[in-house]
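J.: Assemble the dimeric complex from its two separately framed chains, guided by the hints.
Taken in order, these protein sequences are the chains called A and B.
Once you know that position 153 of the first sequence is 153 in this note's numbering, the rest is easy, because the numbers rise by one and skip nothing.
Once you know that position 128 of the second sequence is 128 in this note's numbering, the rest is easy, because the numbers rise by one and skip nothing.
Calculated from the structure, these hints are not laboratory results.
The reader is advised that the hints may include incorrect statements.
[Said to hold, decoys possible] Okay, the calculated beta carbon distance ranges per label pair:
#1 B:G19 with A:S25: 39 to 45 Å
#2 B:V253 with A:T107: 47 to 53 Å
#3 A:D239 with B:F244: 54 to 60 Å
These numbers come from a predicted model, not from an experiment.
Don't be surprised by glycine CBs; every beta carbon is placed ideally from N, CA and C.
Okay, here's what each chain looks like letter by letter:
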Amino acid sequence: MIDLLDVHVAFGEQDALNGLSLHVSDGALLGIIGPGGCGKSTLCRVISGLVQPDFGEVFVHQTNLRQCSRQQLHVVQRDIGVQFQNDALFEHLTVLENVSYPLTRLTTLSCSEMEGRSVEALATVGLAGFENRLPNRLSGGQRRRVALARACITKPRILVCDEPTAGLDPQTSRTILDMIAGIRYQTKNTVIVVSSDVVGLFSISSRIALVWNGQIIEEDTTTKVRQSERAEVKRFLDDARLPFAGWTWD
Amino acid sequence: MQALAQFGSIIIQLSTQIGGTAMLLAQIFRRLAPPRFDGAEFRKCLFTMGYKSLSIMIATAFVVGVILVIQSFVFVERYGMRSQLGWGAGFVIIRELGPVLLALMFSGRVGAFTAAELGTMTVTEQVDGLRCLAIDPISYLVVPRFVAMIISLTSLTLIGNTVALFSASIMGDLMLEVDHHTFWSSLFSMLTPADFMLSVTKSALFGGIIAVNSCFFGLSTTGGAPGVGVSVNKTVVFSAIAVFVVDFYSTFVLG
Chain A
1 MIDLLDVHVA
11 FGEQDALNGL
21 SLHVSDGALL
31 GIIGPGGCGK
41 STLCRVISGL
51 VQPDFGEVFV
61 HQTNLRQCSR
71 QQLHVVQRDI
81 GVQFQNDALF
91 EHLTVLENVS
101 YPLTRLTTLS
111 CSEMEGRSVE
121 ALATVGLAGF
131 ENRLPNRLSG
141 GQRRRVALAR
151 ACITKPRILV
161 CDEPTAGLDP
171 QTSRTILDMI
181 AGIRYQTKNT
191 VIVVSSDVVG
201 LFSISSRIAL
211 VWNGQIIEED
221 TTTKVRQSER
231 AEVKRFLDDA
241 RLPFAGWTWD
Chain B
1 MQALAQFGSI
11 IIQLSTQIGG
21 TAMLLAQIFR
31 RLAPPRFDGA
41 EFRKCLFTMG
51 YKSLSIMIAT
61 AFVVGVILVI
71 QSFVFVERYG
81 MRSQLGWGAG
91 FVIIRELGPV
101 LLALMFSGRV
111 GAFTAAELGT
121 MTVTEQVDGL
131 RCLAIDPISY
141 LVVPRFVAMI
151 ISLTSLTLIG
161 NTVALFSASI
171 MGDLMLEVDH
181 HTFWSSLFSM
191 LTPADFMLSV
201 TKSALFGGII
211 AVNSCFFGLS
221 TTGGAPGVGV
231 SVNKTVVFSA
241 IAVFVVDFYS
251 TFVLG
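Just chain B, same shape as in the assembly (with noise of 0.2 Å):
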């Protein structure tokens, strides 16, 4: 019986936060058509979320490109497969590693963070106060993180499978004497531009969720300087779910 309850309590709790995160999805909808948020605080968003993530996000896709050649590079050399060298990273970093890595990523830095900064304003009552100065919580904090989200991880993974594929390049002509020409040519003659678009169409994805997930916890946090931690926790671990998910179903619908 305490089994039961205990699974009750579990699937309530789930149902809370889905349906929460659904319900923030659709009011940030409502703000955004036409679109009403602060300026001034999309603008710092943008600066802190992307600017401000460039670095970690270049050095783990500099990492997930030479990481990936030194992998690949027993197959490589027993199939002589040095001409496929550039397909087969290309492959792997735009279609796959780049999205999803680098949304772990964001999540970690950005997600994290924005769950702590919203669930300290919400613990020591600063959006109640912006509510009493009439001000709308998910206009002025929610909706420029949702869209400086999205556009920054979307840009960070742009130019992180781009720093990928670079270090992919220089690796192989280091490890297995692939030259660049050999590389980049196999790359742009296999890959379509339906796989970059799926990279592009999957990291917005993944930042609205990371964006949505963040903003629900760091909003509903209870509990004090405790509760902000529970709440990051809750966002990092969620975001994480909620990417392979995704990831998932859109490799499964878009190829």
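If we strip away everything but chain A, and leave its shape as in the complex, we get (with noise of 0.2 Å):
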């Protein structure tokens, strides 16, 4: 469970979040929206314990991110794992070194084992075969592939995933936000996702926050944030609208 209340995150003078509050419970999958800058990576930053809000309080599992120990955060970091936008690969090492790394840093398993787990993990993402690869052989849908299979490889209760799709042709990011979708199937585990493909993410989603200059003024089911009145979320939906022969909303 992910609990934020009234977080105020500034860099310099720009405001990040201006009194941002959000529930996720248990084994959601909340699909994060906003227009560009609105502070959706920060949000998903203050979740993973990488930037400490200025004022307010967040809590993971019940711990206070905010005040708790630099050992306890290190315990709940391990139970989130993150898939970061620019896919943040070592590039030294293989495709299945990278995916294996967590592995390496966080867990007691044998080297036979990790490797299996690893090997496992990519056919899952459909990489099965490029183990051997360094990152910077593989396209960018790849790469989220890549790092995708990584930030589940220690099956974290919490994956927070920020523009899994950037960057990509709408039919890789599809691939992507359905391989998310099918990890949260599998796992039941809590699952964040922030995209700019607001219509794969509503198709995924259990529930959608929307950001608004650093608060969420909408969050709810799909269903009902798209019936919302709302004048920011109708225009914000209206905007990211994509026009293809067979979709609707429900």
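T.: Structural data, given as structure tokens:
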């Protein structure tokens, strides 16, 4: 369970989060949408314990991230898998080494067990046979899938995906979102996805939160968000709607 | 008024950088007592920073020794100071030129590389990736580099000094007909262990300075690829300034 209460984060004179409150239940697949620069990525970083709020409280599994010790923060972080916007792959390591890296640092599994789990994770994201490639020999979509496999390899109770589809073509983007939905379905863990692919996010999420100027102005089920009467929500959804055949909001 | 604002901005920037490096240094020392850092990363750093810099350092040191004798040729000839050539070359190389020139070379090669490496890791969120895996970036990335740079630069300076003295001895024999025995006996009879200790102390200090600067600027990189270039530039400039400032004080205090 994740609770954010009146969280404020500023970078210099720029407010990134401005009194944001959010509750995420265990097992939810929360899609976070909003215009560029509204604070979506900062929200991900706050939940992951990478950014300390200036004011407000952040609880992850009952641990207050603002007041806990570094050791307690590390314990919480071990339970959070993060897929970063820029993949954050280690360029000098092969795909297999990248995926197994969290296991080498956080577990006491044997080498063969680690390799087995990593190969299995790569197969889950459709990258079987890519184990010995270096990240610079992969396409953008393949890199995202490696990053997703790495984020899930330790079976974290919370998976945070920051723009997993940014810069990808619609087909690849949809494949990645489907994979995230598949992981959530298999593990029943909490998944938080930030994406500009609003249509795709509506199709996989159980709930949607709209961030606007550092605050959440709407957070509900996909159907209720779509029916919202707030002017900002309506405008954002109208702007984001992709007109292709066969698409329905429901 | 605008000039005053600009001056204030420069002072704030400078204070941020000096404060930031001091904070990083404090964090490094906290992790060194007792030592908590990644052994594999340390060995990799020693190899890339020390062993791989060996050839360029030897080449630089060799040329320094040769140039020193060429520059002193006129005066040695004029005043007939052939028997003092070994002492003169040794004094300049061991106490001053060796540590300072090799530190500047080291800063250009290893410091710049480290700033670029850590800067790239920062802007591509790899450092955040480590933090998410509950890996402390200071213990994993900074401390191994700090220790490796101190050990590497000290060792390279010792080797470089030796090479520079050998090249000066060879050049003295060729140009001034100062035989090797005269050269080395004047060097060992007039230089004291304190001179050698000063050289070692200086190079260890310079190694630490370059490490802290490059790690600080690397980890505080913002603004994508152009930001990495800015960090590399700042590392080289600030390291060079810091090397000269520390050289002045260490020479002043330690003699």
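J.: Run every hint past the structure and note whether it holds.
T.: Verification of the hints:
1. For the pair G19 of chain B and S25 of chain A, the beta carbons lie near 43 Å from each other, so the given range of 39 to 45 Å is met.
2. Distance hint for V253 of chain B and T107 of chain A: a CB-CB separation of about 50 Å, consistent with the stated range 47 to 53 Å.
3. Our hint of 54 to 60 Å for D239 of chain A and F244 of chain B holds, since their Cβ atoms are close to 57 Å apart.
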